[in-house]
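If you read the sequences in order, they're chains A and B. All residue numbers for the first sequence refer to my numbering, where the first residue is 54 and numbers rise by one. All residue numbers for the second sequence refer to my numbering, where the first residue is 54 and numbers rise by one.
Among these hints, one or two may not hold up.
[To be verified] Capping the alpha-carbon separation at 35 Å, the derived lysine-lysine pairs in DSBU-like fashion look like this: (1) B:K176 <-> A:K358; (2) B:K588 <-> B:K297; (3) B:K269 <-> A:K415.
Since the hints were derived computationally from the structure, they do not count as laboratory data.
2 protein chains.
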Amino acid sequence: MNPTPQVAPRAWNTLADDKASRLALAAHLARGKHVDAADAVALIETILRPGDRVCIEGNNQKHADFLSACLAKADPQRVHDLHIVQSNLALASHLDVFERGIARDLDFCYSGDQGVRMGRLIKEGRIRVGAIHTYLELYSRYFVDLTPRVAFVAAQSADAQGNLYTGPNTEDTPAVVEGTAFKNGIVIAQVNEIVDVLPRVDVPSDWVSFVVKAPKPHYIEPIFTRDPALISEVQVLMAMMVVKGLYAPYQVRRLNHGIGFDTAAIELILPTYAESLGLRDKICEYMSVNPCPTLIPAIESGFVKGIHCAGSELGMERYVAQRSDVFFTGPDGSMRSNRAFCQLAGHYADLFIGSTLQIDLKGNSSTATLNRIAGFGGAPNFGSESRGRRHSSPGWLKAGAEGRAGLSRMPRGRKLVVQLVETFREKMQPTFVERLDAWQLQEDFALDLPPVMVYGDDLTHVVTEEGIAHLHRCATLREREQAIRGVAGYTPAGLARDRREVENLRDKGIVQRPEDLGIDPRLATRDLLAARSVKDLVRWSGGLYDPPRRFRHW
Amino acid sequence: MNPTPQVAPRAWNTLADDKASRLALAAHLARGKHVDAADAVALIETILRPGDRVCIEGNNQKHADFLSACLAKADPQRVHDLHIVQSNLALASHLDVFERGIARDLDFCYSGDQGVRMGRLIKEGRIRVGAIHTYLELYSRYFVDLTPRVAFVAAQSADAQGNLYTGPNTEDTPAVVEGTAFKNGIVIAQVNEIVDVLPRVDVPSDWVSFVVKAPKPHYIEPIFTRDPALISEVQVLMAMMVVKGLYAPYQVRRLNHGIGFDTAAIELILPTYAESLGLRDKICEYMSVNPCPTLIPAIESGFVKGIHCAGSELGMERYVAQRSDVFFTGPDGSMRSNRAFCQLAGHYADLFIGSTLQIDLKGNSSTATLNRIAGFGGAPNFGSESRGRRHSSPGWLKAGAEGRAGLSRMPRGRKLVVQLVETFREKMQPTFVERLDAWQLQEDFALDLPPVMVYGDDLTHVVTEEGIAHLHRCATLREREQAIRGVAGYTPAGLARDRREVENLRDKGIVQRPEDLGIDPRLATRDLLAARSVKDLVRWSGGLYDPPRRFRHW
């Protein structure tokens, strides 16, 4: 006897049918796929249904700002209870939709400057947060249980058919559009211009339902520009320790740098200090980062050979186009970035180095601060052990071997995860704390877990102006705690160190001072910076780098 | 004083210039982008340079078989010392290029049936293996240090301009093409047909340099089809334990199933056994898998609601197209698969369950067997802790809490990673071993590390016909070893258990027998399978599933 399926007949293509009916309702607003900016609010009111899951493209940098503003103007009687799935909330309009009752649920990655207002809206019950994600896991859920019904994306230009050219800020667009378009969702693109022939096609027209030429170009935030003039000598000293104490012995060729002056200092001493140590062609060859202007001297002097970017950076367009051996560019010459692939590449690289606001005595770190819901961005992915990795490299093998010394564990490599921090941050707040603010935040916002950025389990090194702590070599939690205290300087956590134990750790090389590394702190001056100003960067670039006005001080 | 850049002027667009010169040399072979199949060998000899890094698209299923065969026919005087970067080596021609001296270096993921011949070629020094990767890390390196100079890809059809439609087996194509095309590499596509209008565009024409219509359609391997007739009652019993002992208490809604009869049995008892437990709408709602035919009853009966696929499966095309609410399909109705996103989605899901050939007493597992270099495929990524994950789900929180019980660690969730194995495999080889063959393989092939598929550190559960071992709840390595022995049956490893300790583990619920779960082994019969033959699957599908001839026994 064979089982006979006894299942009631049902419709299996309801999403496709629903999409077709929505498109039909909006057809009168469009010529082909093109809709006038004046009709954008009407389009949105016609296309959206209450409860829809909606992605508003909000990257680190590029924003579908016009469509977001139009959504915020929609009639809450018609459009309400939306579930927003969006990587980055950066604009006022992103929260206006919650304030006005148009949206209710939110799954996101990062909120940055909007964190305080978001905190208030959560407490008022106007935003129900599903979860705070890292980028890759949110993109992943676009293909699982958070597939957008409608996505608003931003591109540089479209042609008559609706093919899109993103420009150098391709960023999240491919992930957002693929997840939406291939589940019979509706993709609406705002573009800066309509052209006859696109420089290249980044998104084929049959993945796009509507195109709206926005009244002004979409907003781009230059978040990766650091003025070398603001780099301190302490940061130069820490950068020297990183180069000599980590990059050299671990032969770090493939890596990701976080954003900030600390890592900018490293980039700027490659052509000087690292060169003097004979490290060219040995370290920092391949990077997964945005095209940070402070990388220019390291590129020009032949240190950094290849860079794949998550997004672009304002002012770097001409430089990138003229350095196509280094960057990923299209047949048109402009950059093709892609955050999903860049995050992946960085995850499987040999090292991540970034900064944080707080580190506890187990090495857990967080950028969460009270009353703000800031989110994680990409750091937890870059800054976590890549346990799906199987290919080896010298640093990965060395860190793995050091981490299991004396233990009968299966040999395995290990990713280098480094926190680079000064012992005190702004307003003399200690970086090292007994208890992260994240615990309080968990309580305040009823989160399932404290919002930890990088877990102590995944961290291998802490570098401060006092020295390097090789945490992965510590045999016990007690030893790890003393190693952290041992580089925590004059913070209360640092002052509470067991001096003798820390000296023992120095003897074992688990704590290293500049002098242990053969570094003379007196040589840590700004003279080591290959560029000391934005103008210097422009000069290094042969005039190709065109900094935004706010960085031009000459 | 500002530092003056003192860098010798150099060319920065050599890849673009080199590409242009290669394309110019081959221009006489092409009309537009189209090249005759008869000229394919000449094209390859003209385009390639000795030492080039070359990607031959070889997915789990879809292969650029014609271009691979043409490459193997190239003149080794002209084309030699290539570095092949390729996810899957499955065809004889993939190794012919090494045998003939056309290629020398290899970075890959999986070799399957070619593993023995590959082992011989490595020992003869004809293949130098860089590393064996998992899929995602190899794709990642396309954007770092293993960017292809030339890629051979396979698609269903092309139009006159060279836009490509991949058909349902999109698989790796987007990752391969993006990595190559945007670093001024050359993409050559073989297609089954040239058409006036594509059903949809999967790859825009400006990412493609040449199109060759192959003499016959590209090869597709149906590797995900399991005949329910071959599922044993032991496999039904194990499936019952998985459903009642893992999926139910951990509320596993999002998951990945490995390939095999063990997981096929789970899929086939969802509409019967899981239904009887009231688990519909509670477990197995979203999957990251290929469209395995054994999923049909679970889809039809409303268990599985969404599936994102790494590739397709022969015979499932019409069924998938008619179930667009479940699968990801394009505007043309056919599937769009994408291995990169599917691997990501599975990595961040709540559970991975798969099989292996050997498990040691620390829980490390490997499919490596002597004299073969088989590689890993996707399992190490699916089957490893997702440490970059930050969003929570009930099972993830529960597994995390169980794993740190009694420890003062920062709260963190944990991925469920399950090995589902019978205690003996084919030819009465014990699955549980004191020492993995992987150690011998490391020695034989001078690998940096033993080729471990899933590390014991990452494993949470082992399920055999004897019971479930909850490894993540073990406090010590000794306890973990006894838990593994406790489900290892009559293998030498199982017989050497400390019976008293195993009973203690049962009392703690760390080892569970079927009776501990309220499962009567006598009810574990094939009657529980919703389909007991391929014909049953066809019936469940309403005739939409069209199995390949080799699976038709009626």
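Consistency of the hints with the structure:
| no. | hint | verdict |
| --- | --- | --- |
| 1 | B:K176 <-> A:K358 | 33 Å, holds |
| 2 | B:K588 <-> B:K297 | 28 Å, holds |
| 3 | B:K269 <-> A:K415 | 61 Å, violated |
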